[in-house]
Structure formats: structure tokens, C-alpha cells
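Asker: Assemble chain P onto chain U, guided by the hints.
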Amino acid sequence: MKQKLAVPVLLFALLAVVMTLVQFEVIDLYIQTIILFIGINIIISSSLNLVNGHMGEFSCGHAGFIAVGAYVSSVLSVALFAQDRIFGAPLLPPQYTVYAFPVILVIGGLAAAFAGLLVALPSFRTRGDYLAIITIAANYIIITVIINIDKIGGARGFMGMKRVVFAMEDTAAIPWMVLWVFLFTILSIIAIRRFVSSTYGKGIIAIQQDEVAAEIMSVNTNKMKLIAFMLSSGLAGIAGGLYAHVIGYVNPKSFDILKSTEALVMVYLGGMGSITGSILSAVLFTLLLELLRPLQIIKWIVIPLLLIILMQFRPEGIMGNRELVDIFPKLKKFYRFK
Amino acid sequence: MTVLKITALTQYFSGLCALDNFNVELRAGELVGLIGPNGAGKTTVFNLVSGFYRPTSGEINFLGRSLVGLKPHQVTIHGVARTFQNIRLWNEMTVMDNIRLAHHGNLQYNLRDLFFRTRRYAEREKEIYQRAWHLLEVFNLADHAEEKPKNLPYGMQRKVEIVRALSSEPKLLLLDEPAAGLTSKDTVELIELIKWIHRHFETTIWMIEHQMKVVMSLCSRITVIDFGKTIAEGTPEEIRNHPEVIRAYLGDDQI
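Which chain is which? The protein sequence lines are U and P, in order.
Residue 248 in my numbering sits at position 248 of the first sequence, and the numbers go up by one each step.
Residue 1102 in my numbering sits at position 102 of the second sequence, and the numbers go up by one each step.
It is possible that part of the hints are untrue.
Stated by the list, open to error - Chain U residues, not near chain P, derived (Cβ > 12 Å throughout):
1. V9
2. I38
3. I205
To be verified - Below, computed lysine-lysine pairings styled on DSS-like, alpha-carbon distance capped at 30 Å:
4. U:K253 x U:K299
5. P:K1195 x P:K1185
6. P:K1150 x U:K332
7. U:K330 x P:K1071
8. P:K1126 x U:K332
9. P:K1126 x U:K330
10. P:K1150 x U:K223
11. P:K1171 x P:K1005
12. P:K1171 x P:K1150
13. P:K1185 x P:K1071
14. U:K4 x P:K1126
15. U:K223 x P:K1171
16. P:K1185 x P:K1229
17. P:K1126 x P:K1171
18. U:K4 x P:K1171
19. U:K223 x P:K1126
20. P:K1148 x U:K223
21. U:K330 x P:K1148
22. P:K1195 x P:K1148
23. U:K4 x U:K332
24. P:K1150 x P:K1185
25. P:K1071 x P:K1005
Simulated from the structure, these hints should not be mistaken for lab results.
All residues carry an ideal CB built from backbone N, CA and C; glycine is no exception.
Isolated chain U (complex conformation):
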């Protein structure tokens, strides 16, 4: 029983250490942002992995759903809690921010899940390449819609979320965003893990391996695809909300096909259908992006090159479709993969 607590204790210790370091400004804002990006990227890669890895479909427009979540939660939080040029005076007093923020994030996630439903309904009638094309198109439609809504800044972008974060820090002077990113990353992983380890969620793995067999063994394949896609895009929306509040500024350009590609790269780097692989690759990829920053534009030659090398020598990604416990069975003592 004691050993089962190892993972929660470790995670809590990690959170405490990071929050203390940030609180007493031992690590600067740059390092802090990288740490937060790692968390956000973990949500992005593991949620995309649900569709592309576990279910074996090929969605290429993940950034579109990140954008929906980012904009919906940003507009909500700014309208409710910040003095804004368009939305005017805050509708609620600032001390409510702390309680309302997770709700706002979840609403952003629900909006993204709804967008996911709208994309999935027509597109899952097709398969393979067609789904890829439709999701890319959906990504562009979402961005174009945002650019054309002048109220939320259009192509100039939307800001004011920093004031919401400040409102939280006024209520209690702790690094709130570290806490939220950490919390939602853990919750997302738990949600995905619970989904794919249940008999119900295994239905999408059955779809990936043999859709005809899945259908004949009583899996409602159409419904399962919709649910998995909505869960995936919903979590992407939450990641978007967190991203918007960490940066304090969103711009439609930052959710274009390049962002979707980054998400895809993380999934393939980590291994299709491996949650621990997605976590690992999100950490590695985020760090790699930052380490190679001095190379400036050459970075975008080096990273694709690394990807080509990876595909040449280890096309199944770092973990393949295995989890960490499959490789190190001794870890089973510390947590059950359920």
C-alpha cells in the first residue's frame, strides 16, 4: 500500500519544489515558462495520441481545437475579471478569480470538444487520408473565423489574460499558473489513462487494430470515434486555455498548421498509443526547442532532420506502443497502469 503512494507523493513533491522555486524567484521567468510549456505540451501530445495512436486515425488539425479552447477561456476570463477596452469593467470581483478559473478552463475545453464534434461528425464517414485533409481544413477554418472576428482582436490577437492572473495573485500570492498547469496536466493524464484502460475505452484500440472485428463484437464504432475525438479535442482546448494564460496573449497565427505539426511530431516521437511515450516526448521536444533556440532559423532544419533520422532508425518512436511498465516491469509495484 505504501508503494502505491509513491507516485502521488513524488508528484506532490515535484509541485512543491517547483512552486517554492518560483515563489522565491530562484528560477527566472524564462525557465518557469519552459516548465509550464512542458506541462501544456504533455496534454497536447497525449490527447492527440488518443486519436492518432490509440484509435489509429490520422488527425492533423489539433491546433484548431487548442485555439478554440484558448480563445473561449481567454475571452471569458477577461470579460469576467479584467478591465478591458471592449468588454468594459469586470463583471465579477477579483477575489472570485481563483475559483472561477478552473471552471473557465473547463468551459474552454467543452467548447473545443464541441468544435471537435462538429469536425468529427462529417469526417468520420471517411477514413485515413481524407480525415487528415478534413482536419487540416478545419484547422484553417477555425483560424480564419478567429481572424475575422474583430471583437476579439482579429489578426492582431487578444490580450488581457495577464490581468486575470494578477487578480489571482492579489488574492493569494502564490504562483497560480504553476499550480493550474500541474493540476490539469495530471488530471488529463488520469482521464486518458482511465479511458484507454477500461473495457469501454479499449473499444478504440479495437478500432485501430481491426474495425470490422470491433463492429461485429458489439463496439459502436461511430460513437466510439466521436467520443474519443471529443475527449481529445476537449483536452486540447484545456491546454489552449492554459497556454493563453501563461503567455497572456493569443494570436491566431500561433495555432496554425505549424502548431498542429509540432503536436504530431511529439506523438510520433513518443510512440503511437503510448501515454508514457507522449509524456516523455513532450518533455524532450520542449527542451529541444529551447536548447536549439540559439540556432534561430536553422532550428527548423535541425529538428526535421532529427525527425527523419528517428523515422529511419526507430519508426515506432521512443516507446513504440508500450508503456514504461512494459519495459520496466518492476515499476508495477509503484503504480498500476489502470
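Answerer: Frame of chain U; chain P shown alone:
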């Protein structure tokens, strides 16, 4: 009691008649065969019953309820399970998970139970696990529960597929050429297995088979089709000596 009653079932594939006015009646507990030369339309009949195609015309009545227009997963939930000519197991999942997933259509818990791991979820998953485990033990597959099907010998894969179909507790089991690709030793074992299932499970079995030995030793009644048309019906003895059947299998000039 009639389990399955098919009347005037006809299927056209863009002008080509794959099945013409097919009729059959299966009573509870029967083991019935469906035979015919290659391309006769046998698998088409199974695909129509299990909902992969919507028939051009005709009626499929299962336990007093029409199956026409239902999706394959709905047909399975109503109690019809099937296997495939080319084994279709989920190869990257363990044998255990393959068996467990047959309960997908009857989980009795919702997404809230799943995410919050409620008691209902835990109890139901445990029950499914125990049932699957029991079934694996009954069929001597328990030692292979954590293996992946692709690593098992072919004959055993066939067995796992039949067990998977059975685990959804069907009232009608459709076996599409269960002996296809088996060695003669495996075929003998398969015949024993099907006999055993027929004795111990409350399920009606309808099987397509090419190997006469298998059909003749298992089925009490046989339907023969050729080019989509029913050419004979009767007991194995009657079928063996039926001139139309001999003609279909051996060709005209042999007679």
C-alpha cells in the same frame, strides 16, 4: 422454437445477383450447415444476417425481431455472434482483452462511472474479467491469457476467435469456415470443439464450411447454394447423394 427465419432474402451488388430468394429456418439448439462452391454467396448470407449489408429485399427474423437495417454491433447486442473466414482477432491486444471486449455492447456503466472509477464501474469490470477468465479456463486457454494472438499457433487463434464470439453469450453463433487453413489434426480437434460447444452452450450454431468431413460429421441439416440459388436442403445423407449437389461440386460432364 424458431431462432432464425430468413424469407426470400435477395441481394444484388450493382446488377449482379449474389443471392436469390434464400430461405432458411433454424430452430433452437440446432447445428446447421451452409455449403456451396466458391463464390456461391455463403459469406454474403452471413454478412446480411450480421448487418454488414442491407438486403435488396427479403426478411431476416431473429427471435421474433427483424434484423434488417440494424448495424453489425446492434445485431451482436441482440444475440448473434460470428467468426470470420480469415481470423480477425485484435493482434496487438492480449487474449484476455480480446475476450473482455466482447462485453462492449453491454457494459452497464457510463462515462462518469469510468472517469470517477465508481463502485459500479469496479464491480462491472471485475465481473467481466471473471467471466472472461472463466471462459478461458473452460477452453484451456488460461495459460495464454496475457499473450498476443499473433504469437499463438493458427489453430489456437481460431479457437480464441470462437471463444471471443461465445463470450458475448450469443443465442446464434455464425461460424464462417472455421476449418479453413487448419491442418488435418487441428481439424479433428475443431470438430470436437464445436461438438463440445454445441453440447455445453445454449446456442444455435450455423456454419459455413468447405470441408465435407467437417459438415457431414457435425450438422444435422445442410443447405447447399450455388450462384446465389438454393439447390438442395436436407440431412447430410440426402445431401451426399443429391444429384444437383454432385453437379455443382463436380461439374456437369461428370454425370
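Asker: Hint by hint, note whether the structure agrees.
Answerer: Here is how each hint holds up against the structure:
1. V9: holds (20 Å)
2. I38: holds (24 Å)
3. I205: Non-interface label fails for I205 of chain U: nearest chain P Cβ at 6 Å, not farther than 12 Å.
4. U:K253 x U:K299: holds (19 Å)
5. P:K1195 x P:K1185: holds (16 Å)
6. P:K1150 x U:K332: This hinted pair holds, its Cα atoms lying about 25 Å apart.
7. U:K330 x P:K1071: violated (44 Å)
8. P:K1126 x U:K332: holds (19 Å)
9. P:K1126 x U:K330: Answer holds: K1126 of chain P to K330 of chain U is near 24 Å, not above 30 Å.
10. P:K1150 x U:K223: Status holds; Cα separation ~28 Å.
11. P:K1171 x P:K1005: holds (14 Å)
12. P:K1171 x P:K1150: holds (28 Å)
13. P:K1185 x P:K1071: Violated, because 37 Å separates the two Cα atoms, which is more than 30 Å.
14. U:K4 x P:K1126: holds (20 Å)
15. U:K223 x P:K1171: Distance ~25 Å between K223 of chain U and K1171 of chain P Cα, so the pair holds.
16. P:K1185 x P:K1229: violated (33 Å)
17. P:K1126 x P:K1171: Given that 30 Å is the threshold and the Cα spacing comes to 24 Å, the pair holds.
18. U:K4 x P:K1171: Distance ~43 Å between K4 of chain U and K1171 of chain P Cα, so the pair is violated.
19. U:K223 x P:K1126: holds (24 Å)
20. P:K1148 x U:K223: holds (27 Å)
21. U:K330 x P:K1148: Satisfied, since the Cα-Cα distance of roughly 21 Å is no more than 30 Å.
22. P:K1195 x P:K1148: Holds, because 27 Å separates the two Cα atoms, which is no more than 30 Å.
23. U:K4 x U:K332: Holds: K4 of chain U and K332 of chain U sit about 9 Å apart, inside 30 Å.
24. P:K1150 x P:K1185: OK: K1150 of chain P and K1185 of chain P at ~20 Å, within 30 Å.
25. P:K1071 x P:K1005: Given that 30 Å is the threshold and the Cα spacing comes to 19 Å, the pair holds.
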